[in-house]
Amino acid sequence: MTSKPQPRATAELERGYRNMLLPAVFAVGIFAIVPLAGMLALSFSDYHLIRGTNWDFGFKNFVRLVSDKRLMGSVYAMSVLSFFGVLTQVLIGAAIAVGLSKIVGKWRLGRVLFLLPYAVPHVAVALIWLSLFTPTLSPINAFFDLFGITVPSFLTTQNGALFAIVMADTWTNFPFAMLIILAALQGISPDLDEAAALDGATRVQSFFYVTLPLLIPAFLMVTLFRFIDSLKHFPMIFVMTKGGPGRSTQATNYYAYIQTFQNSNVAYGAAIAVTLFIVAAIISFYVARLNQRITS
Amino acid sequence: MIDNTSSFRVKKAFGVTIMLVLLFFAALPTVWVLIMSFREQAEIFEPIWESPLAVTLDNYRGIARSDFPKALLNSFICAGSSTLLAMIVGVPAGFALAKSRLSGKFYASWLLLLLRMAPPVGFVIPLFLLYVNAGLIDTYFGLIVAYMTLTLPLIVWSMWNSFAQVPDELIEAAIMDGATLGKAFLQVALPAARPGAVAAAILGFLIVWNDFFYALIITRSSTVTAPVAVMNFISYDSVDWGSIAVASIALTLPILPLMVIANRYIVQSLSGAVKG
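Protein sequences, first through last, are from chains A and B.
Per my numbering, the first sequence starts with residue 1, numbered consecutively.
Per my numbering, the second sequence starts with residue 1, numbered consecutively.
Think of the hints as simulated: they come from the structure by calculation, not from any bench.
Computed from a prediction, not measured in an experiment: that's the story for all the values here.
For each residue, glycine too, the CB sits at the ideal point set by N, CA and C.
Please note that a few of the clues may not be correct.
[To be verified] Only pairs whose alpha carbons sit at most 25 Å apart, straight line, appear in this in silico DSS-like list of lysine-lysine: (1) K242(A) / K232(A); (2) K11(B) / K102(A); (3) K105(B) / K183(B); (4) K69(A) / K232(A); (5) K69(A) / K242(A); (6) K12(B) / K102(A).
[As the list claims (entries may be wrong)] Here are the simulated distance ranges between beta carbons: (7) S51(B) / P213(A): 39 to 45 Å; (8) L57(B) / I278(A): 32 to 38 Å; (9) V34(A) / P191(B): 57 to 63 Å; (10) R194(B) / P245(A): 47 to 53 Å; (11) A201(A) / D177(B): 50 to 56 Å; (12) F59(A) / V16(B): 58 to 64 Å.
[What the hints assert, rightly or not] Short derived list, chain B residues pointing at chain A, Cβ under 10 Å: (13) Y107; (14) L111; (15) V124; (16) V166; (17) L170; (18) V188; (19) P191; (20) A192; (21) L216; (22) V230; (23) M231; (24) Y236; (25) A245; (26) I255; (27) L256; (28) I266.
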C-alpha cells in the first residue's frame, strides 16, 4: 500500500459506508436471521403441526437424531448423490472445458450448446429425466428394444433410482464446472506451456506439471460449491422418485421435509435442518477462508 | 508446435470423439423434450420412428388455455420484485463492503456464503408457521419477502466482488474533487461496475425463477409459480407428458437469453477467487 492522500476525514467516509450497509444489515436480520432463530427455537421444542406444543423444550430431538435409522439411511442417500454427482459434474465439466479451450477460433456456439442444460429449471430437468427413465416412454428404451435389449427400469431399485438422480443432476450442473474451469484455463498464459516445451517437457508433462497445478483453486471452488448445493437436493427427488422406492432416495434435506410437512413433526424436522445447517456453516467457513486467501 | 504424426492424429480423433459423445449427452434431453412437445397425445408412447408424422400443436394450445400462463406471470412478478428490492438494498451494501475499512469483513463474507448455502428447509419451516399465523400463505407479499432470503445474500456477495474490481483510486479521485460518497458511488463506482450489476440482477432473477421448494410450501392456487404449477400435469393415475414438455420449454425459454448474457459473469460473481 502506498501512502494515500487523506481526502477529508476518513471517519466521515467510514460513517458513509456504514450508512450504505445498514439497510442490508437490517434486511438480512429480518429475512434471514429471524427465520434461522425460529428454526433453532423449534428444534429444541416439541412443536407438532396438528397437536401444537406443550412448551416442552429440551434436547430430545437431538437425542432422537443419533439413533434414527431413517436419518442414517438419508445420510447414505445424500452421500451417494453428493459424491457421484459432484464427481461426474467436475470430470465432465473439466473434459469439456479442456476440449473447448483447444478449439481454435473460440467456437462460441459450442459454448452455448454446452451451457443450455444449466439454463433449464430443476423441476423441468427432473421431469425431462423422469420421461427418459420411464420405460414405456423413453426413446432410449425404444432404441435398445430394436436390438432386442430390454433396458431395466432404473427407478424401481435403490441404486438405479440414485443413478437416475445423479444423471439428471449431472446433466444440469456440469456447465457450471465447465464455466469455472474454462475461465481458469483461459487465464493461464500460453507462455508457460511454451517455456515448459523449451525445457523439454512433453505435452502430457506440461499439462500435468504446469496447467493442472494452476487449475487447483478452480477445481476446489467448483467442488465445494457443487458439494454444498448437493446437500440441498429437493426437486429432483420430489419429482423423480418421491424418495422411493421405499425410502431409499430420501436424502437428508428431503427427509427433513417429510418429517415436517408429511409427518407434521415440525420440531424434529427443524432439528434435522439445524444439523444440516451446521454442516453448511463449517464448509462455508472454509470456502470463505479459501476465497479470502486467493483474493488477497 | 503442430506435428502431424499419426499418434497425434489418433489422440485428436479420440478427443473429438469424446467431445461428440458429451455433446450428445448434453443435447439429447433438449432434443427429446422438443420432440415430445410436438407429439400427438395418442402416439406419445410409440417409438418416434413408428409415427414420425404424428405432429401437432395441440400441446401448445392446451398450455395456452390452461392456468399455466398465469403461473408464469406469477414467477415473473416474484422474481422481478424480489430481485429489484434486493438490488436496491444490496448494491450499496456491496459497495460499502468492498471499499470501506470496516472490520469483520471476513465474518460478513462467511455469513453471506452461509446464507446462500444453508439448506432451504431451515428457512421454510419457521416461515411457514409464521405465514400460517399471519395470513401470508399464498400472497405475493409473503412470497416476495421469502425470496429475499435467496436474492439478497447472492446480490450483496456478487456486488462485493464486482466493486472490489473497481480501482480504489477512481473513488478516491472523485472524493478529492469534492464529490460526496453517495455521488462517488452513483456516478463513478456504479457505472464502472455495471456489467457486474447486470449479472447480479440476472442471477437473482434466475434463482427465484428456478425455485421450487419455497413456492411448494408457501403458495396455494392463486400465487403458485410455474415450477410448482407444472406438477398439475401429473395426476394420480396419469401423466400428461405433452403438456409437461411444453411447460418445461416455457419455463426455460424466458431465461435462456439471460443465461447467455450472464454466463461469462457467472464465474466472477459466484467466486471472486477464480477470475473469468
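message = So, as I understand it, the hint says V124(B) touches chain A; can you test that by seeing if any CB pair is closer than 10 Å?
response = For V124(B), the interface hint holds, since the closest Cβ of chain A sits about 8 Å away, which is under 10 Å.
Holds or violated: K105(B) to K183(B), with C-alpha atoms at most 25 Å apart = holds, 24 Å
ask   = With a cut-off of 10 Å, does the beta carbon of P191(B) approach a beta carbon of chain A closely enough for the hint to hold?
value = Violated. Min distance 17 Å.
request  = Double-check L256(B) for me: the hint is only fine if its C-beta lies closer than 10 Å to a C-beta in chain A.
outcome  = holds, 5 Å
query = With a cut-off of 10 Å, does the beta carbon of V188(B) approach a beta carbon of chain A closely enough for the hint to hold?
reply = violated, 13 Å
Interface hint for L170(B), Cβ within 10 Å of any Cβ on chain A = violated, 13 Å
inquiry  = Verify the CB-CB distance for S51(B) and P213(A) against the hinted window 39 to 45 Å.
reply    = Check failed, 55 Å falls outside 39 to 45 Å.
query = Under the criterion of a CB-CB separation shorter than 10 Å, is L111(B) in contact with chain A as hinted?
reply = holds, 8 Å
task = Hold the hint about Y236(B) up to the distance rule: shortest CB distance to chain A must be less than 10 Å.
result = With Cβ-Cβ at 12 Å, over 10 Å, it is violated.
inquiry  = Given a cut of 10 Å on the nearest C-beta pair, is the interface hint for I255(B) held or broken against chain A?
reply    = This interface hint holds because 6 Å falls under the 10 Å limit.
key: Restraint outcome when V166(B) is required to lie within 10 Å of chain A by C-beta distance   = violated, 14 Å
task = Starting from the range 58 to 64 Å, see whether the pair F59(A) and V16(B) falls in it by beta-carbon distance.
result = Between F59(A) and V16(B), where Cβ atoms are some 60 Å apart, the hint holds.
Hint check: violations occur at hints 7, 8, 9, 16, 17, 18, 19, 20 and 24; the rest are consistent with the structure.
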